[in-house]
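J.: Taken in order, these protein sequences are the chains called A and B. The opening residue of the first sequence carries number 61 in my numbering; numbering runs sequentially from there. The opening residue of the second sequence carries number 592 in my numbering; numbering runs sequentially from there.
Hints in this document: simulated from the structure, not taken from any laboratory. Warning: the hint list may mix true and false statements.
Computed footprint of chain A on chain B, listed as stretches where at least three residues anywhere in the stretch have a Cβ under 8 angstroms from a Cβ of chain A [to be verified]:
1. 847-856
2. 916-930
Straight line, CA to CA, 25 angstroms or less: simulated DSS-like cross-link-like pairs of lysine-lysine [to be verified]:
3. Lys288(A) / Lys257(A)
4. Lys251(A) / Lys96(A)
5. Lys312(A) / Lys653(B)
6. Lys105(A) / Lys653(B)
7. Lys653(B) / Lys175(A)
8. Lys109(A) / Lys653(B)
9. Lys257(A) / Lys223(A)
10. Lys251(A) / Lys288(A)
Ideal Cβ placement from N, Cα and C applies to all residues, glycine included.
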Amino acid sequence: MRKLIFTALVALAAASPVLAETPEERGLAITREAQKRSEGWVDSKVEMKMILSNSQGEKSERNMRLRALELISDTDGDKSLTYFLSPADVQGTALLSFTHFTTPDDQWLFLPALKRVKRIASANKSGSFVGSEFAFEDLLAQEVPRFTYKYLRDEPCPTDEAKALSCFVIERFPTYENSGYTRQIGWTDKKEFLVRKLQYFDRKSEHSKTLHFTEYRSYQGKFWRAHKLVMENHQTAKKTTLSFSNFELNAKVDHAEFDPDALGRLR
Amino acid sequence: MRGAALVILAMAWTAAAQSAPIEVSGYIAAEIRIFPAEPKFARQHENAFSPSLALQPELRWKPNDGNTLTIIAFARVDTHDSERTHWDIREANWLYNAGDWDFRIGLGKVFWGVAESRHLVDIINQSDLVESLDEEDKLGQPLANLNVITGIGTWSAFVLPYFRERTFASPNGRPGLPLPVNENLVTFESSDKERHIDYALRWQERLGDIDVGLSHFHGTGREPRLIPTMTPSGPVFAPHYDQIDQTGLDLQATLDAWLLKLEAIVRSGQGDTFFAATAGFEYTLYQLFESTYDLGLIAEYHHDGRDSTAPFTVFNNDVMAGTRLALNDQDDTALLIGAIFDVESQTTLATAEFSTRLTDGWKLEMEGRFFPYVANASPESNSEREHTFELRVLRYF
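Just chain B, same shape as in the assembly:
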């Protein structure tokens, strides 16, 4: 697969030598992760400050109106977590745009959904979990994708010929799971393993104030079951990827300053067929107290009916409440503060995200994840000391 990316890269350079210029952009980022509490497990590193460096170069080439070649690579060097020292091709694809329809082939990235605190419907790309636990960093997915824009909505078809395994922290990494994940012990339900060909279909349409999407995915589930396994070097989690069918609905009603949101799925193939949903709203107070600030109030409820044989989720019965403050200043300063509260165990995760532009081309980002309360016997109990604070300076080019 990386071979294919290199072939596309080579084609790009050869072709570009002949005509339109290649547009180069991207960023380099210096990051410090701070772990204020000692780790729970002896296998985890004890450094309170964990620096790393990331680079994301992006190349784009448009030989003519209908054709675009995009290549986005990503690499990180991390001081303490060897699994977080990694690289990936986020995108390496060719897009043919015919106006009413387009076709994309290569490594790509696709997002589906409307909710803020959980992305239930989004399934095309695998999460790059070592990058962030919020599942918003994704691995490049090999795909062939046709989109047709019609009078009765946009229809999208995907063929996904290769599966990417989820990334996890190394045994000494933080934040960590109760057992280290050993990716060498990976198993698949399909005998084709990562070469199983997955398919997906999506329809989306605007019905006045309502944006609606319906999707179906058939193939290797992106969430692994983590099976405790004994090895000569101790117990580990062995990831197992099932074959699943997932039908998803996402819906947003945009009414004045209200956004009403719903994401729901039915998934089979991991224990009993189950239903899961996220429903919520975002209400924005514009120009708060006659300032230039906008304050968004966000609330979402998560229900997940999966049984104990399915991959573990923290979102079984949870409420998220948050607020988004946008200063609308020259530097696009924004702050998002939220908490996810487990209705059954009372376990609470508090999060904060801040970003501002320092000067042209420079950006500062801060992110925090804190556990004010973790129930003793809950599956998240290992998290109680995994508070994480991240400070990042990005230089865009």
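The shape of chain A in the complex, shown without the other chains:
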């Protein structure tokens, strides 16, 4: 259905170039195009290194294995599974998330010492993920219906690797409950429709954080993934860097792994 509407929109846009388009419609159309181009990866596996650093330059590191399952549906977003390899005291901990568009997300945590699977409240969207500058909501699937959009302007892309490209600057507003943001402003390049930079505005509408997406590489000729994400917190001068390695898409991940009852056998 979603695809049908999109096709109709594109056809309409192509057929009537003079048709007036509001900034909201344009923002949504660009985001849908970006979403459409990124569809079809089925499932993925990747290793993630997270480096937390504070204003004094003190660093600490976490390593995780991420698996994701793509869902193309009108109601449900992707499923993701995060498995902790380090720090050593949390090794074996796993977090399973199911995202939904209109109903609250589902999340389960596996605690290896107790062998306990705990369903956890998904209301905690704006809380810090493992002490990093990333909130839970920053790491969940950024599905199109989770925001409303507004096209602002065109601008040269902000990161070094994309500086030759032109970017759409789009403002988006979370529609889900419990978000810690009033709005976000993103830079999406016009060539591959990849997000290059994202600014976050907190509940007081202050510019609190900026996320830089770099080291984009493509897989199977069409699926682009950023391999380095840097989140800067302007209020605390703290920084979190995510480095991804060993990406696998269409990885034939066993779908049975995305079940809370299967969390106990991951390790």
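Please arrange chain B on chain A, whose structure you already have, making use of the hints.
T.: Frame of chain A; chain B shown alone:
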């Protein structure tokens, strides 16, 4: 049983020599237990500071995608309590994972339930009570376990061919019971004793915001009756293990920042058939006062209808209230403070747990158990001087 574990261990080493590497992890922990009050009984040691050392090595080997061999051993050397100087194989099992179903055989650990202050439904493993009174430390249970994930829930079947006896402090140990437990005088209802074969079945499913589990256990009850017995060296408790049937229900509704929880059992075989339940909630205030802190408010009510011939429980008619503070900092600092209040006797137990990461690989844990009020004639009256404070430094590897 330990022989079987050693056979599995030997198989692991032989097999590992041929292919995939063995993953080694675990921790070593130095602990001091502090008893601020003099003991009530002359048989108990009078050391205010009681140090011990614990080691938990873990080995894992995955020769291929579907197979995992896990071995987790545990040992503690305690300065003053000879029963707390002990070792156990927590796990030594082989897991075959076929996706929609899996099979595990060996010594294993299984947790069922949703509540925080009492684990009523959880019954597969015996509690290692010398480690902690909270019944969250468990002895490795010999088992064969099949789990099948279907469209109508996950079905689990267990065959438990050997029974593990509950561990208790030695006569001079602390915290202690009114009489020392003499494990040599153990008796069983079943003539098969610890070789009685127990069975368990469980079904669990997600129904929208509700996670539900139904279970049944048939076999040797994990809670012993403690029978006062006269011996030449004085009165002791002799543990007696009954044959029981226990049907359990656990349920959690997850609604926004609310977790609503229920655990209930019906058990027969220990006095009259009885019903027991724990019902409560956890409500979390995220980013308290615009900080990064989360504050959870927890309350649980315990009812237990067992008669005086069943094993003693402190949770007959009790209210637990607590709060969990998570700083969400780099060190995962967390504090849990709570109190369990007996509605009938007013006896109150206050507990506190704190943990933080010191630096990569190092962790600090503190735990306290205090009795602000103990009713004179209550069965817990021996506890009034058993306040315990624990300080632990763990090194993970």
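J.: Compare the structure with each hint and give your call.
T.: Right, here's what the structure says about each hint:
Figure legend: the region 847-856 of chain B, annotated as covered by chain A; annotation consistent (4 residues with Cβ-Cβ distances under 8 angstroms, at least 3 required). Three residues within the 8 angstroms Cβ limit are the bar, and the region 916-930 of chain B against chain A gives 5, so the coverage statement holds. For the given pair, Lys288(A) sits about 12 angstroms from Lys257(A) by alpha-carbon distance, which is consistent with the 25 angstroms threshold. Pair hint Lys251(A) plus Lys96(A) holds up; C-alpha atoms about 14 angstroms apart against a cutoff of 25 angstroms.
Only pairs whose Cα atoms come within 25 angstroms are accepted, and Lys312(A) paired with Lys653(B) is accepted, the gap being roughly 19 angstroms. Simply put, Lys105(A) and Lys653(B) have alpha-carbon atoms about 18 angstroms apart, close enough for the 25 angstroms limit, and the pair holds. For the hint linking Lys653(B) to Lys175(A), the alpha-carbon distance of about 19 angstroms falls within 25 angstroms, and the restraint holds. With a C-alpha separation of about 23 angstroms, the suggested pairing of Lys109(A) with Lys653(B) holds against the 25 angstroms cut-off.
Proposed proximity of Lys257(A) and Lys223(A) is supported: the alpha carbons are some 12 angstroms apart, at most 25 angstroms. In summary, the hint linking Lys251(A) to Lys288(A) is supported, as the alpha carbons are separated by about 20 angstroms, within the 25 angstroms threshold.
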